[in-house]
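K.L.:
In the order they appear, the protein sequences are chains A and B.
Final position of the first sequence in our numbering is 527; the numbers increase by one with none missing.
Final position of the second sequence in our numbering is 527; the numbers increase by one with none missing.
If you are wondering where the hints come from, they were derived from the structure by calculation, not from laboratory data.
A hint or two may mislead.
Remember, identical chains collapse to one label, so a pair may be satisfied in a single copy or spanning two.
Below, simulated SDA-like cross-link-like pairs (lysine to any residue); rule was C-alpha separation at most 25 angstroms, straight line [unchecked claim]:
(1) Lys267 to Thr459
(2) Lys106 to Glu328
(3) Lys307 to Ala462
(4) Lys307 to Ala264
Number of protein chains: 2
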Amino acid sequence: MPRTLIKDLHDHIGKTVLIKGWVSVRRDQGKMVFFDIRDMSGAVQGVVLPKSAAIDVAKEISIESAIAVEGSINKRPEKNISEGKANGDIELQIETIEVISAAQTLPFDITTPLHLDTYLDHLPLMLHTERTRDIFTMQHSILEAYRSSLRRQGFTEFMSPALVGGDAEGGSAVFKVDYFNDASAYLATSPQFYKQIMVGGFERSCTVAKVFRAEKSATTRHLSEITQMDFEMGFIENEREPMRVLEQTIKDTVAAVGEGHPEIFERFETQIPLVPEEIPVLTLREAQKVLGVPEEPDLDPEHERALCAWAKAEKKSDFVFITRFPTATRAFYTYEDPAEAPYSRGFDLLFRGLEINSGAQRIHDHDTLVARIRERGLDPLKFSYYLQAFKYGMPPHGGSSTGLERFTARMLELPNVKEATAFPRDMTRIDGRLSE
Amino acid sequence: MPRTLIKDLHDHIGKTVLIKGWVSVRRDQGKMVFFDIRDMSGAVQGVVLPKSAAIDVAKEISIESAIAVEGSINKRPEKNISEGKANGDIELQIETIEVISAAQTLPFDITTPLHLDTYLDHLPLMLHTERTRDIFTMQHSILEAYRSSLRRQGFTEFMSPALVGGDAEGGSAVFKVDYFNDASAYLATSPQFYKQIMVGGFERSCTVAKVFRAEKSATTRHLSEITQMDFEMGFIENEREPMRVLEQTIKDTVAAVGEGHPEIFERFETQIPLVPEEIPVLTLREAQKVLGVPEEPDLDPEHERALCAWAKAEKKSDFVFITRFPTATRAFYTYEDPAEAPYSRGFDLLFRGLEINSGAQRIHDHDTLVARIRERGLDPLKFSYYLQAFKYGMPPHGGSSTGLERFTARMLELPNVKEATAFPRDMTRIDGRLSE
Chain A
92 MPRTLIKDLH
102 DHIGKTVLIK
112 GWVSVRRDQG
122 KMVFFDIRDM
132 SGAVQGVVLP
142 KSAAIDVAKE
152 ISIESAIAVE
162 GSINKRPEKN
172 ISEGKANGDI
182 ELQIETIEVI
192 SAAQTLPFDI
202 TTPLHLDTYL
212 DHLPLMLHTE
222 RTRDIFTMQH
232 SILEAYRSSL
242 RRQGFTEFMS
252 PALVGGDAEG
262 GSAVFKVDYF
272 NDASAYLATS
282 PQFYKQIMVG
292 GFERSCTVAK
302 VFRAEKSATT
312 RHLSEITQMD
322 FEMGFIENER
332 EPMRVLEQTI
342 KDTVAAVGEG
352 HPEIFERFET
362 QIPLVPEEIP
372 VLTLREAQKV
382 LGVPEEPDLD
392 PEHERALCAW
402 AKAEKKSDFV
412 FITRFPTATR
422 AFYTYEDPAE
432 APYSRGFDLL
442 FRGLEINSGA
452 QRIHDHDTLV
462 ARIRERGLDP
472 LKFSYYLQAF
482 KYGMPPHGGS
492 STGLERFTAR
502 MLELPNVKEA
512 TAFPRDMTRI
522 DGRLSE
Chain B
92 MPRTLIKDLH
102 DHIGKTVLIK
112 GWVSVRRDQG
122 KMVFFDIRDM
132 SGAVQGVVLP
142 KSAAIDVAKE
152 ISIESAIAVE
162 GSINKRPEKN
172 ISEGKANGDI
182 ELQIETIEVI
192 SAAQTLPFDI
202 TTPLHLDTYL
212 DHLPLMLHTE
222 RTRDIFTMQH
232 SILEAYRSSL
242 RRQGFTEFMS
252 PALVGGDAEG
262 GSAVFKVDYF
272 NDASAYLATS
282 PQFYKQIMVG
292 GFERSCTVAK
302 VFRAEKSATT
312 RHLSEITQMD
322 FEMGFIENER
332 EPMRVLEQTI
342 KDTVAAVGEG
352 HPEIFERFET
362 QIPLVPEEIP
372 VLTLREAQKV
382 LGVPEEPDLD
392 PEHERALCAW
402 AKAEKKSDFV
412 FITRFPTATR
422 AFYTYEDPAE
432 APYSRGFDLL
442 FRGLEINSGA
452 QRIHDHDTLV
462 ARIRERGLDP
472 LKFSYYLQAF
482 KYGMPPHGGS
492 STGLERFTAR
502 MLELPNVKEA
512 TAFPRDMTRI
522 DGRLSE
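With the rest of the complex left out, here is chain A:
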């Protein structure tokens, strides 16, 4: 008999079906045994009646075992209907059960909250919970909606490299790789140079890229390996154009996940984010006035949270742009118009208290870029491949970079970004813990 997916059971009322899935719940009531069974498409309640050939097997099955079940799909009597629950009006009367893959006894009740380290140690098991699957279903949809929106806006996606040849920016927070013949390589801290190079050919480029940060920092926000969703666009007038593209991408993404997953927002007791027609924009100085704090070159996490609270209360927005940071605090390739000095054309996007995106107009003139590299004490020779793109008609351009894990974490208001990473790497952990 071919397998029927649980979402299609309604088409088989009164008939015998074969379903395959996992045992979420087993309730042994002595004479009868009830099961909640789930597959990739949904869940259904099954019952093994006293006279069923499956009754002995049913009493032995462990939670989270993979099983194949044959039985008939019956309408539930009116009084037993679970309103508002998928398949709440039907029940599977189980005739045979095959245990495809028996689960060992679970080490703890997986439906109760765990300490983060215990949770991460057991992620392969925790994927059996609805909460964990919800997080990565949401992430899958964010990823797809974000890329789709950029594609509709004319961006060509490319694969940005993870291995890079030099520790060009001179930061200490870079992982070193033993390469061939005693050469060293490094892990990319950003797809920045490569997406700019692509702009020289395609005008609009985007990439979903892994980036690596060797920061010795153990906060809830730091990971060694993260995913950035980047775009870069040419022939712009100023940073407002990438900000508008980002705004459209955020709108499209929020609309897609709001429409696709209302039940996940409900289960996480959070709301679909508010995105007004225009996301509010504050210069850094305006932001500091709103906060009533003195002029400083950057915002600290507490300020980011307070500004988001302000944007939500005053502008009905879960997002707020901050612009005009001092050039000295931004990456060397950030564009500064002499009339606007010492402020640059960079911007950050805050979402529910956290910076999830950073962007800017970039320097496009070759000689200005070389001069800026020298000013920062770096060696232009180490940038020669990147600089090549600027020799041949690089248009004014800009773009931005969104952290997928941060975006996912704030979407569901998770306390820790590590929960929004299927396989988080940090100072103490790669899969298991490093020091144990």
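On the provided structure of chain A, position chain B as indicated by the hints.
P.N.:
Chain B in isolation, oriented as in the chain A frame:
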């Protein structure tokens, strides 16, 4: 004046427009200067007449400069129409030219074939050519079509890690990374373990993942960093189910790029690949009989080419599956049914002479997997995170992995897979050459 994209010029006949783009060609005819100008959307011919205010600037502009041009869109006289060419029936009469970003003199004629090393050294410049952009436009579309097809088939996409904690499989071809506190990490050679772990929760998982190979091999097929498009699916009967999913994905991808880019296939003088209703399947032994060669445990590259020629001639297919390789030649997690020993449930997919995909049914039983790890002389303790997934109801499952660069290279019949990689890394190259 707002910018008009070149693809939209037909809506502006008789009107004045502002376009921005690059100078592909400049033909100075003494009194008049003709330009071919391109942007992300298309190309158009422009002319600067003798009395135009732009004539002096026009005579100085270097090829590949980025310019902004104002002028009027005119219908060409009947005799000047270029049939079958986009915008072949209109011409831009240029009134003003602003050089946004002047190109330096090109180091060579970028429209003629180059030695591969010279080509790769100048990739940022070569992105200005139609040929190079065609390759990465095709790759972008393959990537998107492949993922879309898997999404439609119910797969959840996740981000597989690049940093892994142990050199678990004991291969020498693994890059080592200096991690925190004197710990070592390694670069992933495959997303295999992680997609299997995801199957434990999602039943169907997929990922586009960077993988890294430290093989000291300098053939046209070897790269240090490649992109794999992977999927894995649970509750299967045997390897035929992932083969069917792969077949559907290949069909959808070929249909999408065939429909989307007929002009690229034309420019590369190749055909849209042939995919019959059922891609032919040969066991390794059958393949060796077709070739008239003795029984060996694997195929060599020459055999792969000959089998593809056979499939094309006999089955009207540019693709052919090879199945039933000896278990000993496949990865330790490959499923072997005792009745089928010593052959495994692995498969390869060949495309135009090259293996582009490898897949299998996998072992799903925890104890069998542990025994197989031991048989291969490996330490199960080093696999404990991975093995955790097999303790809790791992269903029978299988999947496959397609190399994006190889798929792209054979799609356009490129002589070298490095041309199908925007930023190739190999023994001698990361961006520039390593030893120079």
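K.L.:
To test your reading of the hints: which numbers does this structure violate?
P.N.:
When the structure is compared with the hints, numbers 1 and 3 turn out to be violated.
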